[in-house]
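Visitor: Top to bottom, those sequences are chains Z and E. Residues 1 to 326 (the numbering used here) make up the first sequence, in order. Residues 1 to 151 (the numbering used here) make up the second sequence, in order.
Take these hints with a grain of salt, some might be off.
Stated by the list, open to error - Taking CB as the label site, the calculated pair distances span:
1. Val-32(Z) to Gln-133(E): 52 to 60 Å
2. Ala-56(Z) to Gln-136(E): 27 to 35 Å
3. Val-12(Z) to Gln-132(E): 54 to 62 Å
4. Pro-143(E) to His-36(Z): 25 to 33 Å
5. Gln-136(E) to Leu-216(Z): 16 to 24 Å
6. Ala-60(Z) to Leu-52(E): 38 to 46 Å
Please keep in mind that the hints were generated in silico from the structure rather than gathered at the bench. Model, not experiment: these values are computed from the prediction. A virtual CB, placed ideally from N, CA and C, is assigned to each residue, including glycine.
Residue strings, one per chain:
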Amino acid sequence: MSLRHATATWRVLGTSATVVTADPGALADARVAVEHELDAIDLAASRFRDDSELTALNAAAGSAVEVSALLAQAIHVALRAARHTGGAVDPTLGAELVRAGYDRDFAELPPPVQAAGMGDGGAGAGGAPRRRVPAWPAVRLDRARRLVTLPPGVALDLGATAKALAADRAARAAHATAGCGVLVSLGGDVAVAGPPPAGGWAIRVTDDHAGPQEALGQTVTIRSGGLATSGTTVRRWQADDGPRHHILDPRTGAPARTTWRTASVAAASCVDANTATTAAIVMGASAAPWLLRHGLPARLVDARGRVLLVGAWPRRAEVQPERSAA
Amino acid sequence: MRNIAPMPIPPHERSPLAEAARAASTRDAAVRRVRSATRWLLAGAIGLTGALAGVVAQQTVPAKASTSGSSGSGSTAAESSGSGEAAATGQGSTDDGSGYAEDQGTYGGSEEGSQGYDDGSGEYQGAPQAPQQAPQQAPQYTPPAASSGAS
Chain Z
1 MSLRHATATW RVLGTSATVV TADPGALADA RVAVEHELDA IDLAASRFRD
51 DSELTALNAA AGSAVEVSAL LAQAIHVALR AARHTGGAVD PTLGAELVRA
101 GYDRDFAELP PPVQAAGMGD GGAGAGGAPR RRVPAWPAVR LDRARRLVTL
151 PPGVALDLGA TAKALAADRA ARAAHATAGC GVLVSLGGDV AVAGPPPAGG
201 WAIRVTDDHA GPQEALGQTV TIRSGGLATS GTTVRRWQAD DGPRHHILDP
251 RTGAPARTTW RTASVAAASC VDANTATTAA IVMGASAAPW LLRHGLPARL
301 VDARGRVLLV GAWPRRAEVQ PERSAA
Chain E
1 MRNIAPMPIP PHERSPLAEA ARAASTRDAA VRRVRSATRW LLAGAIGLTG
51 ALAGVVAQQT VPAKASTSGS SGSGSTAAES SGSGEAAATG QGSTDDGSGY
101 AEDQGTYGGS EEGSQGYDDG SGEYQGAPQA PQQAPQQAPQ YTPPAASSGA
151 S
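The following block holds chain E by itself, in its conformation from the complex (with noise of 0.2 Å):
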């Protein structure tokens, strides 16, 4: 494609208004280059900011925790006076912050094959799963049949 030299502006159509036309365009796109600059370092400047929280909160060792027994999103946590309990129920996030999100087999532990042994058909496959019932409170003076402490 050639070049083509703009045209000289003939003295007839040199008039204020003109001029004052032509400068207010002028000055309209580079306020527009301006914008589309702002816009695009913002954007930058968010995803570089996203990305180093990304790699500190990988590399950071969370601070000692508090005691109260944080719970995630939808989680409800209360003090039952007197009893110095606390209880959380309903659903936790799925980010709880720890550093040990869990992973459902992205990386690591390589495992190749599943037969040659018996593992106890299908047991321990998969996240650790709830009991088929949930502990209940024993009544009053029942005689335990064994203890459960840290040994």
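If we strip away everything but chain Z, and leave its shape as in the complex, we get (with noise of 0.2 Å):
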């Protein structure tokens, strides 16, 4: 495994951005070309900003709206994975997000008073959810000519994938610029692009990206697509009614109550990845088989630090059992 790689890592979108490049002399273009990647991706697609595309479109819906190719592309990639998920992931969520608290940019959120660490902790107070219609089989979206159609009094949230899609594509773009192999991470999803090291890509899987490197997880190696995690430990805040996490159930709108505190998912791109690893959150149980029957390598980690490997995710050879954080 080489070691002469460069690292850049900056705060970015509300998450930390990582590149890193195989040739140490490339980094700094590298870099200019992410920025400017995810500088775009912010414009098109932040449900935060008020002069964002996504902004104007979410205040339009009923309307057929002509949007740039960057959030034609987001809102595709958005569409794609609910229908291959059967609406697990929810690009239509934006409404519900605002009510369970989550408005504005996470860092301006109020901390949870609960201590993180349960898969189910967060989903909220209260009696039982409501039943949710989901919208997304309505969004209308003529990639030809690039119009949406928001049914009324839907708003659009791409969250989920537009992070992964802002890796994939910044990761392509820093290879193009700097001529190696590049990583790129943002919060946590990764995706690589041209020739790995010798050995491939290490990268630490963990419950929280932004945590040390010592934490309990596993160190594999990718050389190619991306990997992705997705949890409810982290993004958590606090509500009037206790404390919440970010990913909602689409069947209720509330956040979701899961048998998985963090998911992992190694796929032909971080788009994929990422798919897969709110999928899996919300699925629960059954995201086992579903993610067998797409062949996805997963790395599932229970409630209580107990994980279970999927398909192809390598066993480690040695092993600690994790401790939940709670």
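Quick one: dock chain against chain with the hints and give me the complex.
Guide: What follows is the structure in structure tokens.
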């Protein structure tokens, strides 16, 4: 494994961005390419910017709106995720996220009072969740004319897939600019492009992408595509009726009560990996057969820290049981 | 067609044996009708039960799942002793009962056309794709280039 690669990390899009180049001399160029892509995706698909295209589109729900090629691609990716997960990944939860209290940049939300760690903690208080009719089937995207029509009252939130799309695009752009193997990580959603270093790209898979390197987890290598992790332990905040997390169950519009606190998946792209991890959190115990059916290697960690390895995910040579953060 | 009244049975044919035969014939016909009606009722009940079960399955929020990592038919799950890890391999079933059965485009997310922008030469089409090469366990003490965790 080559140790000569160079790394840059900075804060962006409410999380951290990391770019790694196999050629240390290409880092500066690669970072410029990544920053350009991230600026573009933020302007197109941010739910928290008043001047973003997505904000304008949500405000115009009910009418056909012409959008940029980038936003059209982000919406296409989101609708594809919904279609192939049976709606477990739903881009039409914007209004529900606002109702759950996630109405501004995550850094501005009050931290949860209750300790994180349980998979279904943060699912919110109150009685039985009400049924929700999914709205994504009613979203119309004319890709040729780049026209999007949202049903009245529906707001898109592309967070689950847009960040992964940004990672894929940024990795490709950085590789094209730098001319060497590149890894881009956006808040733990990893995409790689170009020739990998000898031995592949080593990635530490843990509960919290910003946690210390000695945190319990597993280090794996990938050579292409993407690797993503979703979980309920990190992006949490305090709502009026208790702590909440950001992965909503589209059937109810409330934070998902799930078996898994963390789901990691390797796939042909970061978008596919992220789609699968979000779906796994929402699907719960039935995620394993779904992942198997798609040939997606996965590592699922339940609320007590027990690990389920799915498909071709590598078994560890030396293992140590993980403990719940709760 | 004209209705033809049944012929009266002549007295010489009203023998006990003939009467018994007619009674048996009448009884057998009634039994056949009852059996036929029972079969139709049973078939209807089964059909109705199936339809109701389908409606309920679509509308019911699945109960909180177990943590053992249920896998579909043909798959196996095993606890590796002392490691806290389990493995699931093989093929999953096509209906996982999650309420999120995969749909190949029967409904929703209407998209028209496929031109107008470059989305990466055919990327992001169809179902999520497996990696070209599965991830490998990194050699011990390998310093990671990045970390992947929830954010």
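Visitor: Take the hints in turn and mark each one as holding or not.
Guide: Hints, verified against the model:
no.: 1; hint: Val-32(Z) to Gln-133(E): 52 to 60 Å; in the structure: violated (30 Å)
no.: 2; hint: Ala-56(Z) to Gln-136(E): 27 to 35 Å; in the structure: violated (45 Å)
no.: 3; hint: Val-12(Z) to Gln-132(E): 54 to 62 Å; in the structure: violated (29 Å)
no.: 4; hint: Pro-143(E) to His-36(Z): 25 to 33 Å; in the structure: holds (29 Å)
no.: 5; hint: Gln-136(E) to Leu-216(Z): 16 to 24 Å; in the structure: holds (20 Å)
no.: 6; hint: Ala-60(Z) to Leu-52(E): 38 to 46 Å; in the structure: holds (41 Å)
In the structure shown, a violation is registered for the earlier hints numbered 1, 2 and 3, in ascending order.
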